[in-house]
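Asker: Just so you know, the protein sequences line up as chains A and B, in that order. Under UniProt numbering, the residues of the first sequence are numbered 1 to 218, in order. Under UniProt numbering, the residues of the second sequence are numbered 1 to 218, in order.
None of the hints are false.
Among the chain B residues that face chain A by a calculated CB cut under 10 Å, a handful are:
| # | residue |
| --- | --- |
| 1 | Gly46 |
| 2 | Leu80 |
| 3 | Ala208 |
Note that these hints are calculated values from the structure, not bench results. Ideal Cβ placement from N, Cα and C applies to all residues, glycine included.
The lines below spell out each chain.
There are 2 protein chains.
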Amino acid sequence: MSHSPLPETERTRHRRLREQGSRDRAQLDAILAAGFVCHLGVVVDGCPMVVPTVYGADGTNLYFHGSVASRSLVASPDALVCVTVTHVDGLVLSRSVFEHGVNYRSAMVYGVPRLVTDPAEKLAGLRLLTEQSAPGQWDYARRPDRKELAATALLALPLDEASVKIRVGPPDDGDGPDAGLDVWAGVLPMSAVFGEPEADPALREGIALPAHIAARRG
Amino acid sequence: MSHSPLPETERTRHRRLREQGSRDRAQLDAILAAGFVCHLGVVVDGCPMVVPTVYGADGTNLYFHGSVASRSLVASPDALVCVTVTHVDGLVLSRSVFEHGVNYRSAMVYGVPRLVTDPAEKLAGLRLLTEQSAPGQWDYARRPDRKELAATALLALPLDEASVKIRVGPPDDGDGPDAGLDVWAGVLPMSAVFGEPEADPALREGIALPAHIAARRG
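Pulled out of the complex, with its shape left as it was, chain A reads as follows (with noise of 0.2 Å):
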């Protein structure tokens, strides 16, 4: 996993002031890290289409399902694509309406997706794919067998060139005019969090839920 700077593109040029924009290789990684759930964009006949889907990242590649992309990708296998993930961390409460905001972290890659081919890499890229949001089912569950392997389609963006923006702390009004009015400011945090496991109705007696997933309640 490179530690280099991302290099800047003319897509990755940050264009606004009030984000903060970053080519930061270790806070991409902490972002993707931090989720399992992005959302692809494509260009389907000269339209846009944006279509979330589950990935897995590595420091190198970032791997997704190629059936998500099918309409697109497979007329043009080497079409660029964005993946773009995103969390959001809180509200931005401001004084005036106009400062209003929201605290998040997000990261976008622009590249070329391959089609991975080689048996080892695929095992592995979805291996990471799965693992990204439930950590410790590859050990768990069935693995894929020969003829679920051979009807996975999977995809890996080269983590090559990506950028990413972080909002973070107060509202910006605090030293303003408007920090003379009456009224609240602040941020109302936000997060992701599980719930309690539900066992599928149909499952068998007697099998217990087991302590990786368990440990996962919020």
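Go by the hints and put chain B onto chain A.
Answerer: The following block gives chain B in isolation, referenced to the frame of chain A:
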């Protein structure tokens, strides 16, 4: 607010079987009402670009800030966009890795956004956008003045062409051969919750947390 079914177009026809597609208007409205961050997809010089941004929706239009998409939308104001709103509701932990998945609700809206120039619609759209993430704040915080309104570009995307995808319920492999395995299966629910409000360190003394913000704690 119309309750006619959403028209089926080449882009919104559902191609995959395992996810439940719909063009039901009530479902679309419910998914849009349940969030406040969307992923906006635009095409810039032939490349897809997916940007997270806040929105407000009223059953007829989806409003978002024009600045987010300025690079493409200012250049080509009649360019198609795709706005996707996704709620992740849980992990589907099946007996086999192959059947793992996510419970989610997702809406995709396609169209050409219109720059809102009518002052009354602009104010109503900004109110909608503010209230969607921070209900109560439009009447509580300082509203935009003439200068702030002029500095804000608001876009309206008609909710005419849209599709909805939803996955709910337990794993799909409860009635297949894998049901005999000694593997726990079920759903790990997930939701976004608000935490304890954090006052701006610059907040003047004596300003109490208003009830409409306090009430949102999860």
